[in-house]
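*Asks:* One letter stands for each residue in the lines below.
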Amino acid sequence: MTLEIGIGVSSQADVFAAGQEAAEQVISHLAGRQPDLVLVFSSIRFADPRMLKAVRSLTGSAPLVGCSDAGGIITSGPKRRSVTVIGLIAKNGSFVTGVERHISHQPRQAGERLADTLSRQASQAARCLLVFPDGLTVSGSDVLEGIVKKLGRDVPVAGGSAADDLYFQKTFQFYNDEILTDSVTGVLLCGDIHAGIGVRHGWVPVGRPRRVTRALGHIVYELDRRPAVSIYEDFLGLKREELMQEPLGSVTLTYPLGMEMKGQSEYLLRDAIRVGRAGSLICTGGVEEGSEVRLMIGGYESALEAAQQSACDAVERLGGKRIVGALVFCSVARQKMLGSEFQGEVDVIRDALGGSGVRIGGFYCYGEVAPVWKGTGRSRKSFPLFHNESVVVVALG
Amino acid sequence: MRRIYKPKSKSRPKKKGLNELLKAYDELDRTAKTLIRTDYLLHRANERFDQQISQLHALHRVGSSINSTFDLELILSGISESMTKDLDFEKSGIVFLEKNSQRPLQSAYTGFSSAEYRLFLDSFAELLLPALQQEDVYLQTAAYAPVAWGKLLNSLSVSSLLLLPMRIKSRLIGFIVGARSHVTVRLTDSERRFYAMYASQASTAIENARLYEALGQANLTLEEKVQERTKNLVAANEQLRELDQAKSNFISLVSHELRTPLTAIKGFIVTLFHYDKEIPEDKRRVYLSVLNEETDRLTRLINELLDISRIESGRMEILWRPVSVPEVAQRVFSTLAVKANTVKLVNEFSDNFPQIVADPDKLEQVLMNLVGNALRYSPPESSIRVIGHVHENGVIIGVKDEGPGIAFAELEKVFDKFYRLDNEANRKNPGTGLGLPICRALINLHGGKIWVESEVNQGCQFIFTLPLNADKLEAKVDEASRQAAS
Chain A
1 MTLEIGIGVS SQADVFAAGQ EAAEQVISHL AGRQPDLVLV FSSIRFADPR
51 MLKAVRSLTG SAPLVGCSDA GGIITSGPKR RSVTVIGLIA KNGSFVTGVE
101 RHISHQPRQA GERLADTLSR QASQAARCLL VFPDGLTVSG SDVLEGIVKK
151 LGRDVPVAGG SAADDLYFQK TFQFYNDEIL TDSVTGVLLC GDIHAGIGVR
201 HGWVPVGRPR RVTRALGHIV YELDRRPAVS IYEDFLGLKR EELMQEPLGS
251 VTLTYPLGME MKGQSEYLLR DAIRVGRAGS LICTGGVEEG SEVRLMIGGY
301 ESALEAAQQS ACDAVERLGG KRIVGALVFC SVARQKMLGS EFQGEVDVIR
351 DALGGSGVRI GGFYCYGEVA PVWKGTGRSR KSFPLFHNES VVVVALG
Chain B
1 MRRIYKPKSK SRPKKKGLNE LLKAYDELDR TAKTLIRTDY LLHRANERFD
51 QQISQLHALH RVGSSINSTF DLELILSGIS ESMTKDLDFE KSGIVFLEKN
101 SQRPLQSAYT GFSSAEYRLF LDSFAELLLP ALQQEDVYLQ TAAYAPVAWG
151 KLLNSLSVSS LLLLPMRIKS RLIGFIVGAR SHVTVRLTDS ERRFYAMYAS
201 QASTAIENAR LYEALGQANL TLEEKVQERT KNLVAANEQL RELDQAKSNF
251 ISLVSHELRT PLTAIKGFIV TLFHYDKEIP EDKRRVYLSV LNEETDRLTR
301 LINELLDISR IESGRMEILW RPVSVPEVAQ RVFSTLAVKA NTVKLVNEFS
351 DNFPQIVADP DKLEQVLMNL VGNALRYSPP ESSIRVIGHV HENGVIIGVK
401 DEGPGIAFAE LEKVFDKFYR LDNEANRKNP GTGLGLPICR ALINLHGGKI
451 WVESEVNQGC QFIFTLPLNA DKLEAKVDEA SRQAAS
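Chains A and B, in that order, give the protein sequences. Numbering (the numbering used here) for the first sequence: 1 to 397. Numbering (the numbering used here) for the second sequence: 1 to 486.
Since the hints were derived computationally from the structure, they do not count as laboratory data. Quick caveat: nothing in here was measured; it's all calculated off a predicted structure. Cβ coordinates follow ideal geometry from the N, Cα and C atoms, glycine included. Careful: at least some of the hints might be erroneous.
Claimed, not checked - Sample of chain A residues facing chain B (criterion: CB under 7 angstroms; computed from the structure):
hint : residue
1    : A13
2    : F16
3    : Q25
4    : I27
5    : S119
6    : R240
What the hints assert, rightly or not - Under the rule of at most 16 angstroms between Cα atoms (straight-line distance), these lysine to aspartate or glutamate pairs were calculated in the EDC-like manner:
hint : chain 1 : residue 1 : chain 2 : residue 2
7    : B       : K99       : B       : D276
8    : B       : K449      : B       : E392
9    : B       : K33       : A       : E112
10   : A       : K150      : A       : E178
11   : A       : K91       : A       : D36
12   : B       : K344      : B       : E293
13   : B       : K33       : A       : D36
14   : A       : K79       : B       : E392
Unchecked claim - Not everything, but these chain B residues come out facing chain A in the computed CB check (under 10 angstroms):
hint : residue
15   : D29
16   : T31
17   : R180
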């Protein structure tokens, strides 16, 4: 077995003790050995240098990347208000980590720089890139665009945007001992490591489409020549002031905007997190001007079906390799939509991956990164996309 | 004509179809709106429901952890940890106030550094206490906070701070604090209700622990009190038993003392009654004189018993007068002159011997008793001296004889009621055994002391002190003048 995975979780009151406890579980999963790579996802309460110090006191010099979340995911199910630590050992593989800071003023360039640094450091063939950008300061699409520009489309990219327990105020990125914000961290999986990636959401469109008459990057100004926010005013029967008072995320997370993608069975979803000036909608990912968007609605059953399908796709794309574990990057919107039943989603993913023998680790995020496939047969090509409301399953073998 | 109509007839149904389609599309859109609105309301209701469930869970968790113990320290740290674990506060604490001064007494915290926590508590009087008195759930957020609060939040590196006062019957017993680096602008009514419930759960647990502790303390005090009372009762019982014993002894002694002269009297009277003629004149005289002596003794005994009873019941009155002790001694000597026979009675008072205030009759009784006793033990030709000196704030008087003296072991016993030295003099001429106890009581009533110094075969000296007691007379004069004035 070339790849091994260990997962630990803790929700102790003391952040240092929590970091230690989670890391101890990882080490014991790895039969007492220190991992080659450490991924850390935690609730904002644990975004504290003491937590990282505690983890690294046990995992040693292994590179560490991660971010704050809106809930952790482990094999047994979702876990809120916790710190999740994932440790990986690759016998014939290697991990290259990197970080880009202050990304909000030039997100594309930051993506490019990150991809550049990582690919230049890689001594083995790159198999998959995992990225964890700030989920609030930048459009995930922009960062991803930069990454793809440098990395090309052959290396699949997956990951999730940092979250902050649904406060929508400030997220954190973890890089070795550092707690950062407005940054993106990434890790390139190289050598004998195989990753199969699935991404689905299960949301369906309702109502007639609206034309995006004015948009720039991740800001949608007008739909059908009216202020973009009016789509929510119309559909929800809420006044603009009401929409502005609450974090818009808590409304739009339930009803995102959807864009049809050619050759894809599902729409590409976009969450609006803030109402901007003159009723514009500020999204976490890019929306193209001239495209058509529809309001989307999720349902319990279709969401679980999508999760199951995402896991099945991931296993299928692993191409017959034995699965040893999986990373799950799940939109916080799904947690919100499923309510008290959100445990069910991890259950169907685990079942689809082959039961509790497969270790699962991940987190609830503000945006997901995963490739979608275009075409059939030999001409079938993957291209990475920034998603919302989706569940990304990365099967590792 | 056909040509003209053709396009028309063709385009009409097309346009009609398109219009119908558009109409259906709009209807679909309206249906979608209704659907979304219903779904949204359902979601909101579901969210509130979920939130309440998770709040109940949090309440249950904190309740089960803090109600499982009466240890105040464990309760405080349990609440502080629950604030962090269940309610997501990065920094939290709980402070228990001192009952009277309302100052922080005991506390526990999580997430704060010790310096931050000290800084937080330092602001108690200025910021925290007024806030706690103001609202049941008090929220401060950095962006909207007054300057002083803004400074505090800044130095604690947090953006929002929540204070939850804990009250028992409207009295502030402490408070809970929770702080986050993320901003909480306002709280919903349901959140406020929840926090108030949370604080009340905490106050109840704390109050229970305190009551339990107080109960334990009260139990201990009660036990101590019971033990003390029991001890007192046992002592009182013992005293009562002793008193009862003393009473029985006294009664048996008194009956014995009364019977002795009565037996003698009865014997002589019976003899005189039956053998009146046969008894020669000289013997009859002896009998009669014995009878006389025994009745005297009986009378003395009864008088002394009455004295003792008066003294012990506090009914003995002292009539304060200016008294010249040498004169009293002289009177005693005159009375006893015949009885003294060859024994010399000597007055030895110092020149500056002062006049004192005392009851002359009682003083005479004391001296009569002491000199009388001395006479009984004095060998012929010996002397008895009454010596008087000035002493401290009064006088000291000794009655000294040259008799056989008293053994050391018996020195104090001579002042016990009915105690009599077992010697020949006593067997020949028994006293009542009440003289010395009466003397001691009378001297004590005068504010003086009496004791005896003696060695066997070296004679003995009864010594007593008497204060001048001048104030007694003044008080009496004052009272008399007051009475006269009124």
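*Asks:* Now, for every hint given, state plainly whether the structure supports it.
*Replies:* Quick rundown of the hints versus the structure:
| no. | hint | verdict |
| --- | --- | --- |
| 1 | A13 | 4 angstroms, holds |
| 2 | F16 | 11 angstroms, violated |
| 3 | Q25 | 18 angstroms, violated |
| 4 | I27 | 24 angstroms, violated |
| 5 | S119 | 36 angstroms, violated |
| 6 | R240 | 16 angstroms, violated |
| 7 | B:K99 x B:D276 | 97 angstroms, violated |
| 8 | B:K449 x B:E392 | 13 angstroms, holds |
| 9 | B:K33 x A:E112 | 42 angstroms, violated |
| 10 | A:K150 x A:E178 | 26 angstroms, violated |
| 11 | A:K91 x A:D36 | 9 angstroms, holds |
| 12 | B:K344 x B:E293 | 24 angstroms, violated |
| 13 | B:K33 x A:D36 | 52 angstroms, violated |
| 14 | A:K79 x B:E392 | 94 angstroms, violated |
| 15 | D29 | 5 angstroms, holds |
| 16 | T31 | 8 angstroms, holds |
| 17 | R180 | 8 angstroms, holds |
Hint check: violations occur at hints 2, 3, 4, 5, 6, 7, 9, 10, 12, 13, 14; the rest are consistent with the structure.
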